[in-house]
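A.B. asks: Protein chains in written order, with the numbering used here: chain A, 1 to 190; chain B, 1001 to 1190.
Calculated from the structure, these hints are not laboratory results.
Quick reminder that beta carbons are idealized off the backbone N, C-alpha and C, glycines included.
The reader is advised that the hints may include incorrect statements.
[Stated by the list, open to error] Calculated cross-link-like contacts (lysine to aspartate or glutamate; reagent style EDC-like; alpha-carbon spacing at most 16 Å):
no., chain 1, residue 1, chain 2, residue 2
1, A, K8, B, E1030
2, B, K1018, B, E1078
3, A, K129, A, E140
4, A, K18, A, E53
5, A, K22, B, E1184
6, B, K1004, A, D24
7, A, K69, A, D174
8, A, K4, B, D1154
9, B, K1004, A, E5
10, B, K1008, B, E1153
11, B, K1004, A, E114
12, A, K4, B, E1153
13, B, K1008, A, E30
14, A, K8, B, E1002
15, B, K1022, A, E184
16, A, K4, B, E1002
17, B, K1008, B, D1154
18, B, K1004, A, E2
19, B, K1004, A, E30
20, A, K8, A, D159
21, A, K4, B, D1024
22, A, K69, A, D171
23, A, K8, A, E158
24, A, K4, B, E1005
25, B, K1008, A, E2
[Stated by the list, open to error] Derived Cβ-Cβ restraints for the label pairs, each shown as a range:
no., chain 1, residue 1, chain 2, residue 2, range
26, A, D138, B, D1159, 25 to 33 Å
27, A, A56, B, V1075, 55 to 63 Å
28, A, A56, B, P1060, 54 to 62 Å
29, B, E1078, A, E53, 55 to 63 Å
30, A, K4, B, Q1188, 43 to 51 Å
31, A, T185, B, E1053, 24 to 32 Å
32, B, A1166, A, G123, 21 to 29 Å
33, A, S124, B, D1159, 30 to 38 Å
34, B, P1161, A, E53, 42 to 50 Å
[Unchecked claim] Among chain B residues calculated to face chain A with C-beta under 8 Å, some are:
no., residue
35, E1002
36, T1011
37, Y1046
38, L1050
39, L1059
40, P1093
There are 2 protein chains.
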Amino acid sequence: MELKELLKRRTIRKFAQKPLDKADILAMIEAARLASCASNRQRLRYIAVLSPEKVAAVLPHTFYAALVKPRRDPVPGETSPTAFIAVTATENPSPHLYADAGAAIQSIEFAAWERGIGCCWLGSFIPEKVAPVLGFPDPERIVYLIALGYPAEDPVSEDIPADGDAKYYLDGQDRLHVPKFTAETLLQWL
Amino acid sequence: MELKELLKRRTIRKFAQKPLDKADILAMIEAARLASCASNRQRLRYIAVLSPEKVAAVLPHTFYAALVKPRRDPVPGETSPTAFIAVTATENPSPHLYADAGAAIQSIEFAAWERGIGCCWLGSFIPEKVAPVLGFPDPERIVYLIALGYPAEDPVSEDIPADGDAKYYLDGQDRLHVPKFTAETLLQWL
Chain A
1 MELKELLKRR
11 TIRKFAQKPL
21 DKADILAMIE
31 AARLASCASN
41 RQRLRYIAVL
51 SPEKVAAVLP
61 HTFYAALVKP
71 RRDPVPGETS
81 PTAFIAVTAT
91 ENPSPHLYAD
101 AGAAIQSIEF
111 AAWERGIGCC
121 WLGSFIPEKV
131 APVLGFPDPE
141 RIVYLIALGY
151 PAEDPVSEDI
161 PADGDAKYYL
171 DGQDRLHVPK
181 FTAETLLQWL
Chain B
1001 MELKELLKRR
1011 TIRKFAQKPL
1021 DKADILAMIE
1031 AARLASCASN
1041 RQRLRYIAVL
1051 SPEKVAAVLP
1061 HTFYAALVKP
1071 RRDPVPGETS
1081 PTAFIAVTAT
1091 ENPSPHLYAD
1101 AGAAIQSIEF
1111 AAWERGIGCC
1121 WLGSFIPEKV
1131 APVLGFPDPE
1141 RIVYLIALGY
1151 PAEDPVSEDI
1161 PADGDAKYYL
1171 DGQDRLHVPK
1181 FTAETLLQWL
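Throw the hints in and build the complete structure from the sequences for me.
C.D. replies: Here it is, written out as C-alpha cells:
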C-alpha cells in the first residue's frame, strides 16, 4: 500500500469478531523491528496475545477513549478487540524509550492497516493486572498495549484551523470524526 | 512507495549538498500531523530550518552517532545536513508526548524516504543553544531535531539472532551496517 493510503489509517475501537492470522502479526513486528530507535539499541520486545481466553483476560484492564464513552467501550464478543500486542521494554522506560515505542507502534499501525487490520494504541491500562495474564514479570516495563482486530467502524479525519476544536466525536450515524490541524498551522519556516 | 520499500529506510548521516524543496518538507509534516497521538491532543509543532545560515548555526549544537566517529561527523558544506526540522511541544514533554514525537518522526522519515530524502533523528543536541537560533522561547520544549538531506551514503541492515551484537559499524568501503534482531527473536506468542 502506498504511503498516501497508509496515512488514511485511523484508530479503530470497534472490531469485527474475526480472528487475526499469525502471519499478519509477524508482518507488524517486522515493521516494528525496522523502526527508528535510539542508538539502534532495540530495547523493545513484543507479546502477541491471540488466544481468546488471554484476550478476554486482558480486556477488563484496558481503557478506551473517554470522549466517545460509552459507545466506543468494547462489548466483549461483539465489538471487542480480537488480539493485543504488548510492547515491553528490556529496561525501565526513559523518555527516549517512549519515543522508540512511538516509532515502533506507528510502524505496526501502518503494517496492520495495509492488511485491513485496525489498531487502538492504549496508554491507559492497569499494568499490575495485565502483567500476570501475560506471564510478564515487570509491570513497569509494559510500555504500551495495542488492541487489534478487523475494523467494524470507518472513522474519518477532518481538517481544522489553528483555533479549531480537536475533540473527536461520534455523529448521528455513529461515525467517528477526528479533527486534525492542517500542516500549515503546525509548521513554521526558517 | 509501498510499505515494503519504506521499511528499507535507514538513518542517513552523510548528505549531498543539494537543497530541499519546501513541498517535500510540507509532505513530511502532512504525514506527521496524521500520526497517532495521545487522545488526539496534537501537542507537537514543527520548525523547518532551510536557510543555509540557520542550518549552519544549528549544526555545531548537534551530535551524531558515537559508534561511527569521526567518519560520520558532518563536514560543513561537504556532508552536512541541508535542513533541520525541530519537533517542539506546546507543553513540557511527558512520556506520552515523547511517544507522540516518536510516532510523528517515524511518519516524517517514511514521507522523506519516499521522496529520496534521508533523515537522522537527533536526541543529542544543546537545546539552550538551538532555541535562540530558532527564535523559540522554550528550550525544554524542543523535543527532538531531525537532520535532513539527500543521502550520500547507502546503509544496509543485517539480521542478527537474539545473542547478536547490535552495534552498527562502517566497513572498509565506508558503508554503514545496521544489525537488527529478527522479528522472531523479539516476539512471544500467547
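A.B. asks: If a hint holds in the structure, say so; if it doesn't, say that too.
C.D. replies: These are the hints, each one checked on the structure:
| no. | hint | in the structure |
| --- | --- | --- |
| 1 | A/K8 to B/E1030 | holds (11 Å) |
| 2 | B/K1018 to B/E1078 | holds (10 Å) |
| 3 | A/K129 to A/E140 | holds (11 Å) |
| 4 | A/K18 to A/E53 | holds (15 Å) |
| 5 | A/K22 to B/E1184 | holds (12 Å) |
| 6 | B/K1004 to A/D24 | holds (14 Å) |
| 7 | A/K69 to A/D174 | holds (12 Å) |
| 8 | A/K4 to B/D1154 | violated (25 Å) |
| 9 | B/K1004 to A/E5 | holds (14 Å) |
| 10 | B/K1008 to B/E1153 | holds (14 Å) |
| 11 | B/K1004 to A/E114 | holds (10 Å) |
| 12 | A/K4 to B/E1153 | violated (26 Å) |
| 13 | B/K1008 to A/E30 | holds (11 Å) |
| 14 | A/K8 to B/E1002 | holds (14 Å) |
| 15 | B/K1022 to A/E184 | holds (12 Å) |
| 16 | A/K4 to B/E1002 | holds (10 Å) |
| 17 | B/K1008 to B/D1154 | holds (11 Å) |
| 18 | B/K1004 to A/E2 | holds (10 Å) |
| 19 | B/K1004 to A/E30 | holds (10 Å) |
| 20 | A/K8 to A/D159 | holds (13 Å) |
| 21 | A/K4 to B/D1024 | holds (14 Å) |
| 22 | A/K69 to A/D171 | holds (13 Å) |
| 23 | A/K8 to A/E158 | holds (11 Å) |
| 24 | A/K4 to B/E1005 | holds (14 Å) |
| 25 | B/K1008 to A/E2 | holds (14 Å) |
| 26 | A/D138 to B/D1159: 25 to 33 Å | holds (27 Å) |
| 27 | A/A56 to B/V1075: 55 to 63 Å | holds (58 Å) |
| 28 | A/A56 to B/P1060: 54 to 62 Å | holds (56 Å) |
| 29 | B/E1078 to A/E53: 55 to 63 Å | holds (60 Å) |
| 30 | A/K4 to B/Q1188: 43 to 51 Å | violated (34 Å) |
| 31 | A/T185 to B/E1053: 24 to 32 Å | holds (26 Å) |
| 32 | B/A1166 to A/G123: 21 to 29 Å | holds (27 Å) |
| 33 | A/S124 to B/D1159: 30 to 38 Å | holds (35 Å) |
| 34 | B/P1161 to A/E53: 42 to 50 Å | violated (31 Å) |
| 35 | E1002 | holds (7 Å) |
| 36 | T1011 | holds (7 Å) |
| 37 | Y1046 | holds (5 Å) |
| 38 | L1050 | holds (7 Å) |
| 39 | L1059 | violated (14 Å) |
| 40 | P1093 | holds (7 Å) |
The structure fails hints 8, 12, 30, 34 and 39 (numbered hints given earlier, in ascending order).
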